[in-house]
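Enquirer: From just these sequences and the hints, can you work out the full model?
As they're listed, the protein sequences go chains A and B. In this text, residue positions in the first sequence follow this note's numbering: the first is -10, and each later residue adds one. In this text, residue positions in the second sequence follow this note's numbering: the first is 821, and each later residue adds one.
Honestly, I wouldn't trust all of these hints.
[Claimed, not checked] If you anchor each label on the Cβ, the simulated ranges turn out as follows:
(1) B:K923 x A:K92: 47 to 57 Å
(2) A:N107 x B:K823: 43 to 53 Å
(3) B:F854 x A:I112: 34 to 44 Å
(4) A:E116 x B:F952: 36 to 46 Å
(5) A:T30 x B:E955: 47 to 57 Å
(6) B:F834 x A:R2: 19 to 29 Å
(7) A:E(-2) x B:F834: 18 to 28 Å
(8) B:A858 x A:F75: 16 to 26 Å
(9) B:K844 x A:P39: 40 to 50 Å
(10) B:N881 x A:L69: 24 to 34 Å
(11) A:N107 x B:L963: 44 to 54 Å
(12) B:D842 x A:K92: 37 to 47 Å
(13) A:R2 x B:Q962: 26 to 36 Å
(14) B:F952 x A:T30: 47 to 57 Å
Keep in mind the hints are simulated off the structure, nothing from the lab. Predicted model, so just to flag it, every value in this text is computed and none were measured. Ideal placement from N, C-alpha and C gives every residue a C-beta, glycine not left out.
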Amino acid sequence: MSQNFEKLEHFVRLRTEQENYLKVCDQKLGNWQKFKDDYLTLKSRLETLPHELRYEVMVPISKVAFMTGRLVNTNEILVLLGDNWFVEKSAKQSCDLIDRRLKNIEKFLDDLHKEKKNLQEQINWTENLLQEKGEYVNIEEKLEDEPIKQKSQKEISEEEKREIRRKLQEKALQTSLELENEIKKDFKSLYKPKENKIEKVEENTEEEEEEDVVQIVNNGPNFMSQLEEDIKNLDLGEKFDEDDEQLRNLMSEYDKGINRENNKQIEKDLKKQVKWSNVEESQAKKVENSQYDEDDFEYSESDEEEEEEEDDEIAEEYVKVEPIKIQIKHTANEFIEEQDRRLRLSREKPEINSPADIYSVFNKPKSILKKTSLTPIESDHILPVEHKKVEPKNAEMEKFEPQKAFTGEIVEKNVISIQSHDMGSENKKPVSKFKASKFSQNK
Amino acid sequence: MEKKSSKLLEFEKFVNEKLRTDLKLVLEDQDAIFSEIAEYLQVKDTIEKLTDANPKGEMKNFQTKVDLGCNFYANAVVDDPSKIFISIGFGFFLEMKFDEAIKFIDKKVKLLNKNAEDLDQKAAEIKANIKFVLEGLKEMQQLEFEGKEENHSLFV
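Expert: Next up, the structure:
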């Protein structure tokens, strides 16, 4: 398109078209000018007509014939108003009528003059452009290879991303279960000083968060390689530890990068905290959170609210029983958001093509923290399903199956296209032979 | 091949610029002649009406309207309703009596009709030429296309 647009001939053609239109415009202008002149002469005639009683004239019968005669009743004019309606007027009245008509004509003429002026400017513009085009040569370089490369890179990274996400999901699930169990134990043995452990975890997360902030600022193009290393280091058998936390943060951050959200946003989200030390404060925070969710995602609010209410209850219980401060920071918000997004997508299209989809259909992990707050009924309801679906599959199976499903689709399409192509060539052959034979016969 | 295509272009140009403009001019001429015929017939009609209204030539004068331009009409009186000036060509007008005028008009209309027929013939010729060239162009392009197809079938 752009190439065609640049071509010189197109501008030449544009100029000729513009000139043609200018001619049309001139013609219109001439017509109206003629009307105006006619009316002006008629007016001058009408002004002088009643000066005399009669004029000796040749009375035209048609264009090719006339008879001798004279004009009489010179102050009596019959005027055609249009549509075969005539009106009898005096010479003076006719003059007024002509004046009114002249105004109208003037308006038309003005418009036409404006149009002509605009057209003249346009023609000048194209003329200048043509001159410039003649003087200079456009240097064009085609960029074809690089975009393709980038695309392939993106695809790879997309698949990798999916892999990582699945692993992380599994990890998160395990750790959440563990945490849940731990917290339940803690709940039961209320007065045993096991909260230290949770505090430890919290400390760890705090440290890592700081690290993350630094990473966000510093992370540049070598981020991918870093991520890959982290993937290599990732081991499914390991427990929830610092590396995973880091990786998860990296992942979330990477997602952010994909979504082209700026670092400020990331920092802001990272700073989002859930504090259960103070009931009022926590409630306020939650309101904020829920609002945020409402704004960004049309996610079912009721579920969240229920969970949050349950959170409140538990938090209140904590407060009532013992005023221990439990500060847990919500570091990986983006990751959860990403999950939510995928969940929404999966709801719209709830097909299970790969094991990874099972998570999006059956699993709805908000966060590790919120998972723990689920009531036993709900958790029993959901979690076993997950275990059944997830645990029989080992990591290798998961690695390969989604790829199979994906490549299978593509192969099918290719097959169809190739087949159609073959069919077309086969159809062509006999026709061309036939025609050739026919042609030779004619010869 | 290029020579051929340039030739094709030349032919197309000839059809579009020469033959079509010629045809347009001829048709315009024809239109002008028809309108002239219409004028003469109108005069003839007027004369017949006047003679019908005044079969014995008793009428001294009659009233009519004169177009002053832009459909503004003024009253006029014709003093001698037995003679009429008629254009005989090249801007000359001749004063005639009504019966003479009718004879003249008949002759004139006949002549004009003949001219119109000639122009009709001319237009038909030009149209035929256009069609001929277009058919030729079509054939040339068809041959070109078929030749291409033959080559194609060899390689497939």
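Enquirer: Hint by hint, note whether the structure agrees.
Expert: Consistency of the hints with the structure:
1. At about 50 Å, the CB distance of K923 (chain B) to K92 (chain A) agrees with the hint of 47 to 57 Å.
2. Look at N107 (chain A) against K823 (chain B): about 44 Å separates their beta carbons, and that is inside 43 to 53 Å.
3. Judged by the Cβ atoms, the range 34 to 44 Å given for F854 (chain B) and I112 (chain A) holds: they are separated by roughly 39 Å.
4. The hinted range of 36 to 46 Å is satisfied by E116 (chain A) and F952 (chain B), whose Cβ atoms lie roughly 40 Å apart.
5. Evaluation of the 47 to 57 Å hint for T30 (chain A) and E955 (chain B) yields a pass: the beta carbon distance comes to about 53 Å.
6. Taking the beta carbon of each, F834 (chain B) and R2 (chain A) are about 21 Å apart, inside 19 to 29 Å as hinted.
7. Our hint of 18 to 28 Å for E(-2) (chain A) and F834 (chain B) holds, since their Cβ atoms are close to 21 Å apart.
8. In this structure the supplied range 16 to 26 Å holds for A858 (chain B) paired with F75 (chain A), their Cβ-Cβ distance being about 23 Å.
9. In this structure, K844 (chain B) and P39 (chain A) meet the distance hint of 40 to 50 Å, their C-beta atoms being roughly 47 Å apart.
10. For N881 (chain B) and L69 (chain A), the Cβ-Cβ distance of about 25 Å falls inside the hinted range of 24 to 34 Å, so the restraint holds.
11. Distance hint check for N107 (chain A) and L963 (chain B): the Cβ-Cβ separation is about 49 Å, which falls inside the suggested range of 44 to 54 Å.
12. Look at D842 (chain B) against K92 (chain A): about 44 Å separates their beta carbons, and that is inside 37 to 47 Å.
13. Separation of R2 (chain A) from Q962 (chain B) is about 29 Å and conforms to the stated range, judged on CB atoms against 26 to 36 Å.
14. Hint check: F952 (chain B) to T30 (chain A), Cβ distance near 50 Å, so the stated range 47 to 57 Å holds.
Violation of the numbered hints given earlier is absent; every hint is satisfied by the structure.
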